[in-house]
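Student: Line order of the protein sequences matches chains A and B. If you're matching positions, the first sequence starts at 119 in the working numbering and goes up one per residue. If you're matching positions, the second sequence starts at 81 in the working numbering and goes up one per residue.
If you are wondering where the hints come from, they were derived from the structure by calculation, not from laboratory data. Positions of the beta carbon are idealized from the N, C-alpha and C atoms, including for glycine. Accuracy of the hints is not assured; some may be wrong.
To be verified - Per label pair, the in silico range of CB-to-CB distance: (1) B:G392 <-> A:L209: 42 to 52 Å; (2) B:I107 <-> A:T561: 54 to 64 Å; (3) B:D227 <-> A:T121: 35 to 45 Å; (4) A:N377 <-> B:V190: 27 to 37 Å; (5) A:V485 <-> B:V83: 33 to 43 Å; (6) A:L209 <-> B:A374: 54 to 64 Å; (7) A:T561 <-> B:F306: 27 to 37 Å; (8) B:G392 <-> A:R165: 29 to 39 Å.
Chain by chain, the residues:
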Amino acid sequence: MRTALLLLLLLAVAAIPGSILPQRNIDSALVTDYLDRHRTTGPWLDRLSLFDVYASPWFASIYLLLLVSLVGCVLPRTRAHWQALRTPPPLTPARLTRLPAHTELVVASTPDQAQQALRTVLRRRRYRLRKPDPDNPGALSAQRGQARETGNLLFHTALIVVIAAVGARYLWGWRGDVIVPAGQTFASTASGYGTLSPGPFVDPAKLPPFTVRVNTMDVTFEDRASGAQFGAPRDFIANTTTTTAPGAPQQQQRLSVNNPLSLSGTSVFLLGNGYAPVVTVRDSKGNVLYREATPFLPQDNNYRSVGAVKVPAASPKQFGFTGLFLPTATIDPTAGPVSVFPDSRAPALALTMYEGDVFASGRSQSVYTLNTDGMSQVRQPDGQPLRLWLTPGNAVILPGGRGTITLERVDRFAGLSVRYDPGKGYALAGALAALGGLVLSLTIRRRRVFARVEPLETDATRPPRTKVLIAGISKNDDPALSEELNRIVAGLEKHLGPAIVDTPRNMDGPDADSPDTNHGHPSHNLDGDPR
Amino acid sequence: MTVHPMLAQYANIAAYSAIVVLAAAMIAFVVDLARSTSRQGPATIRDGAPVPVPSTANAGPTAQAIRTAAPGSVAVVPAPTTAPSAPRQAAGIGTSLTWLGAGLLVAAAVMRGAAVSRVPWGNMFEFSLTGSAAVTVTYLVLSLRRDVRWLGTFVVGPVVLTLGLAVTVFYTEASPLLPSLRSFWLVVHVSIAILAVALFTLAAAVTVLQMIQDRREEAASPGRSFMRALPNAAALDRLGHGLHVAAFPLWTFTLIAGAIWAQKAWGAYWQWDPKEVWTFVIWVVYAAYLHARATSGWSTRSSNIIALVGYGCIIINYTIVNMYLVGMHSYSGM
C-alpha cells in the first residue's frame, strides 16, 4: 500500500512536465521551435526526454513499477479473499456489550423463535449466517459486505486490463493521415498516406484497402459575433463516397468532426480542413504543364496557408512556386499579405517563383515546401524577386516567355486521419469495470452482527419471554452502524411483535461511557451532530 | 444554432443579482459564526474553571451545548441562548439568501443555455456559472439532510469569488459552439465533471476546516474562536472523507466519458493533451488520498494534505491549463 501510494504520487508529478513543455507526439513543430529558441537548456531537456515524457524511460519505469505493485497486490489479495468468501462468519464473542454498537430487548417468544426470526431478518438484509452451533444454541454470527473487497479487486484487476489495452494499441495499432482535396479519391495503401505510423507488429503491406472519395467539403465560420468568437469555425462536414475495396459497392456517408466513419475495422476521422487552390501553368505556346488542386496548409485561424506548386514538366528549366494562399486576402501595411477571415471571400495566391531542378537533392521532400537548393529565384528586370498575386480566373504572364500561371478556382480539402486500435474495446470494458468496482469498494460497508438469545421465563405455564442481545461491529469507519441495528430490531419486532420490556437501548459507540453524551438525548447519533 | 442576445442579457442580470444575493448570504453566515463565539462564550469560561461536569477535549460543541442545558450543570446563562435549538437568526438569513442565490444562478444558467440553444457549459464563463450553481445546489441539498449552516461561509465565499471572476475575466459573449464541442458527450462529460468538482469543492472546504479544528483541539488551551461553532474534528473528518468518496467515482466517470468522446472526436481516447494530463493527475492524487486513508501508518493529517493538493490541481486545471497551456481543450472562449 505504501509503495503504491508513493508510486502514485510520483506518477502524478512525472506527468506534469509533459503538459507544460511541447511534446513531440502532439506537435513536433512546436518542439523544434522550442529547441531553436532555447539553445542551451533545450538540448539538456531533450536528453532527459522532456519532449517525449510519456514515451520516456523514466515515465515508463514508474508505471511499470506501479503495474508490478498492482499485480503483486492483487494476486495475494485475491487468494485471501477467495478463502475469506468460503470461511463462515466467526464465533460469537463472549462479551457483546464491548462491541461499538449493541442493543438489548425482550420479546414475547421462545428463544428458538427469536433465533429463527433474527436469522430471517438478517438473511433479508443480505447477511451471511454462521451455521447454528448445537453446543451454543443461543449464539448467532452474521456478516455482510464482502462485495467491498470483491469490488476493490475488480477495480485493480480492471486497471491492469486498461493498461494491457493501451499496450495493445501501441503494438498492433496504426495511424495514417492524408489530405484529400474535394473531388478526389484516396485509397488506403501504405504509400497512399501522407504520414503512416504503424505499431511495431503492423505489416504496412497488409492495410485494409478501402477507398474514400471526398465529394464536397462544407465549412461554415462565425461571421456575426464580435471579439474572439468572430471567425470561429461552426461546422465541418465532408460528404464522402466509400468502398471497402476498390471496385466494391459504393456507400454515401457523411463525415463530420464528432462522427467518424467505420471502414474495414478502422475509424476515419475528419481532423482538418483547408484550401486546395486549383493552379494551371501553361508554357508560352499554351500547352498545359500543370493543373492540379494543390493543398496549402493553414497556419492560423484565418487560414493563411503555405504551400508549393512544383512543375517538373517545364523545360528547359523546371519551375517551382512557393508562397501563401489567403482565403480573404488583404495587404497589411506592416505584416504584408494576410487573411482577415477564414472563409473564402476574396481568395488570392501570393507566390514567388524559382527555376532549376525541383527534386535536386533526390531525397523525398514535403509536398508543401519547395527545396530551393538546385534552383534560382526568378527576378524582375530591376533585380527585385518576382512576386505573383493571383486571383481566381485571371492568367498572369510569367516574364521572359516562361508562359502563364492561373488560379482557376479554390477547392477545399479534408484532412483525414485513419486509426486502427485493436485494444480500444478492452480499454472501455476495463474502464467501466474499474468504475463499477470502485463504486462497490467505496459504498459497501463490511459489518458483522452478533446476537445471543436467552430464555427469561423458566415457568412453562406462563407465556415465553426471551432476552435478545444484538451487537454490531464494522470493519470501516461506519457512522450508520447503530441505525443498522435499529433496522434489525425493527425487522425483528415485525416478526415477533413489539418488544415487551423495553430495556434502555445503548446505541452509542465506545465513548458512550462519558456520562453526559446521552443526557436527555436518547437518539443521539454517532455522527456527533443532531438530526 | 441561433443566439438570442436578449436572453443572454437576462442571464447576465440574473448572474449579477446572484452575486449580490450570495455576497449578502456570505455576510450573514460570517455574522453567525462571529456570534457563535459569544454563544459559546460561557462554555469557554467553564472549560477553564473547575466544574462538576467532566470535559473532554473532543466532546465537540454539540455535546457542550447539551451539557450546558442539562440539569445539574451550572446554569450560567439563560437557557434560550444556550439550548441546541437556539435560533440562529443570521444563519437562517444566510440559508434563505443562499436558496435565493441558487435560484438566480440556476435561472442564469438555464437562460444562458436557452440563449445559445445548447447546454450552458461551452466556455469558461458558462462553466463557472453552471459550476457555481452546482456547488450551491449541492450544498443546499446537503443542508436538507443535516445541519451544515456552519459550512455556509466556506461554500458561498468561493462561489462569489468564482462568479466575480466569471463575469469579469472569463466573460464570453453568447455564441454557438465550436464543431468539436457539438456532441452528446459534452452533456455527459461536462455535467458529471461539474458535479464532481462541486463535491470536491465542498470536500476541500470541509477538509481545511477539519485541519484547523484538529489543530485547535490538540492545542493546550483552545481559545475563543468561531471554530467552536463547528462540529468536532472527527465529525468534520467523516464528512470530508464522505464527500471525497462521493466525488471520486464521478471524477473517474468524467475521465472515462472524456476518453470516449476523445475517441469519437479526435480518433484516440488518450493523447496526453494538457487537459487530459491534468485530469489524470487529479485522479491519481485523489487515488493516492484514498490509498493513504486505507494505509495504516498514515495520519489523517497527511492524507488530508494529499486531498488538498488534489484540489489545488483542480484549480490549476481550471485556470492555468485552460488559459495558458495550448492543447485540444482550448475552449475557454478567450
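Student: Confirm or reject each hint.
Tutor: Now the hints, each set against the structure:
no. : hint                          : verdict
1   : B:G392 <-> A:L209: 42 to 52 Å : holds, 49 Å
2   : B:I107 <-> A:T561: 54 to 64 Å : violated, 38 Å
3   : B:D227 <-> A:T121: 35 to 45 Å : holds, 41 Å
4   : A:N377 <-> B:V190: 27 to 37 Å : holds, 28 Å
5   : A:V485 <-> B:V83: 33 to 43 Å  : holds, 40 Å
6   : A:L209 <-> B:A374: 54 to 64 Å : violated, 27 Å
7   : A:T561 <-> B:F306: 27 to 37 Å : holds, 34 Å
8   : B:G392 <-> A:R165: 29 to 39 Å : holds, 30 Å
Taken one by one, the earlier hints fail for this structure at numbers 2 and 6, listed in ascending order.
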